[in-house]
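Visitor: Chain by chain, the residues:
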Amino acid sequence: MIEQIATSFVASAGFALLFNVPGRHLGYCGLVGMLGWMIYSSLLQLPADPILATLTAAFAVTVISQLLAKVCKTPIIVFSVSGIVPLVPGGIAFEAMRNVVENHYDMAVQRAFEAFTLSGAIAFGLVFSEVINQAIRRTRL
Amino acid sequence: MQQSAPNAGQIAKVCMLAGKIMLENGAETYRVEDTMNRIAAAYGVPNAHSFVTPTGIIFSLGGMDASTSLMRISDRSTDLRKVVMANDISRRIGRGELTVEEAYERLYKVDVSTEGYPTWVRLLVAALASGCFLIMFDGGWADFVPGMICGGAGYLAMLYVPRYVSIKLFSEFTAAMTVGLLASFLVRTGLGQSLDKIVIGSIMPLVPGVLITNAVRDLMAGHFVSGLSKGAEAFLTAFAIGAGIAFVLSFLGGEAIGG
Numbered sequence: 400m401i402e403q404i405a406t407s408f409v410a411s412a413g414f415a416l417l418f419n420v421p422g423r424h425l426g427y428c429g430l431v432g433m434l435g436w437m438i439y440s441s442l443l444q445l446p447a448d449p450i451l452a453t454l455t456a457a458f459a460v461t462v463i464s465q466l467l468a469k470v471c472k473t474p475i476i477v478f479s480v481s482g483i484v485p486l487v488p489g490g491i492a493f494e495a496m497r498n499v500v501e502n503h504y505d506m507a508v509q510r511a512f513e514a515f516t517l518s519g520a521i522a523f524g525l526v527f528s529e530v531i532n533q534a535i536r537r538t539r540l
Numbered sequence: 057m058q059q060s061a062p063n064a065g066q067i068a069k070v071c072m073l074a075g076k077i078m079l080e081n082g083a084e085t086y087r088v089e090d091t092m093n094r095i096a097a098a099y100g101v102p103n104a105h106s107f108v109t110p111t112g113i114i115f116s117l118g119g120m121d122a123s124t125s126l127m128r129i130s131d132r133s134t135d136l137r138k139v140v141m142a143n144d145i146s147r148r149i150g151r152g153e154l155t156v157e158e159a160y161e162r163l164y165k166v167d168v169s170t171e172g173y174p175t176w177v178r179l180l181v182a183a184l185a186s187g188c189f190l191i192m193f194d195g196g197w198a199d200f201v202p203g204m205i206c207g208g209a210g211y212l213a214m215l216y217v218p219r220y221v222s223i224k225l226f227s228e229f230t231a232a233m234t235v236g237l238l239a240s241f242l243v244r245t246g247l248g249q250s251l252d253k254i255v256i257g258s259i260m261p262l263v264p265g266v267l268i269t270n271a272v273r274d275l276m277a278g279h280f281v282s283g284l285s286k287g288a289e290a291f292l293t294a295f296a297i298g299a300g301i302a303f304v305l306s307f308l309g310g311e312a313i314g315g
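Sequence order for the protein chains is A and B.
Counting from 400, one number per residue, gives the positions in the first sequence under the working numbering.
Counting from 57, one number per residue, gives the positions in the second sequence under the working numbering.
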């Protein structure tokens, strides 16, 4: 578990650096990615459905990013991207590709659909947190 | 004095430049429109209109003598530092701290600046991130260094291929192919163990993260043209990466996949 926490922090902060995020925000980016990944991997160990885990993690990542964006007065994209990237179903997409190459089209379609559904879960995580954000803003006014 | 009543042309210039910087460097479309309108409002033009798509900006100050500006955006990359800086400047304009001339000067400096992390740092970080992704996806520590090598090589291809070929998809395809070739070489020579994990970890730095998030956020904000076209770009990028890997796998046949 410790290695997961450490590597997710480094990977997310590194991803932010590749997008040229200013140095003072890199730590926060790592933190967002780390929290998102911890939620994702601990939900998977429950075990929960990968779709639910991805949805929850994407939701958490965006909520935290929104808070950080308010505090640091920067666009939210700075923080959310590095948290979302680890959730992208790269592994499943790879398996789909591999099955295509091996002429196992039935498996390939299954995997591709799985990857598609997980991407949809990420999108809905983003939408839900935006809904919450707007709801909070409206009630305060 | 100019300062008290900036003319319409200057205001439009500042707005266009701010919009251009933000759009070219990976801000969401709705944020670009919002920023441009806010800047115009801060300079006393409350009913400005901006229409932004990923490939162009149309901006009108509104009113009777309105002239409309159009700008074509052909290069898009991701440099969030510039987005943050342009956003800061627009906030300061909103607080009335900057005159039109000052704002334009500052934005121009942001636009032409090449400030950023040096290439070797990016390369090292891409390699390190690939290794870390490999561990996150349950790879073994024995594959950490092979993952770093492949990830670094893939990112290197991503940096240098665009200098010779201007087709964006091709550089992603080449990068993925480099990763695939190098990974299967390392696995065959016994330096790496699991081809799957190495490849998955190493292609992570190529994933179009900004595009995916922006596509969803733009769709949510009702910018369907931008959302759909960014989504298509993200899908094509993913497809190019997948095709690069598939190309290598199909060439090397079953032995490479067995790892």
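One thing to keep in mind: the hints can contain errors.
Now the stretches of chain B that chain A is said to cover, found in silico as 3 or more residues with beta-carbon under 8 Å [to be verified]:
1) 177-184
2) 228-235
3) 238-250
4) 253-260
Keep in mind that the hints were calculated from the coordinates and are not lab data.
Virtual Cβ for every residue (Gly too), placed ideally from N, Cα, C.
Visitor: State whether the coverage of the region 228-235 of chain B by chain A holds or is violated, taking the criterion as 3 or more residues with Cβ-Cβ distances under 8 Å.
Guide: With 0 residues closer than 8 Å to chain A, the region 228-235 of chain B misses the three-residue bar; violated.
Visitor: Go check the region 177-184 of chain B versus chain A for me, would you? Three or more residues, Cβ under 8 Å, otherwise it fails.
Guide: holds (count 5)
Visitor: So is the region 253-260 of chain B in contact with chain A by the C-beta rule, three or more residues under 8 Å, or is the coverage claim wrong?
Guide: holds (count 4)
Visitor: For the region 238-250 of chain B, does the count of residues with a C-beta closer than 8 Å to a C-beta of chain A reach 3?
Guide: violated (count 0)
Violated hints for the displayed structure, listed by number in ascending order: 2 and 3.
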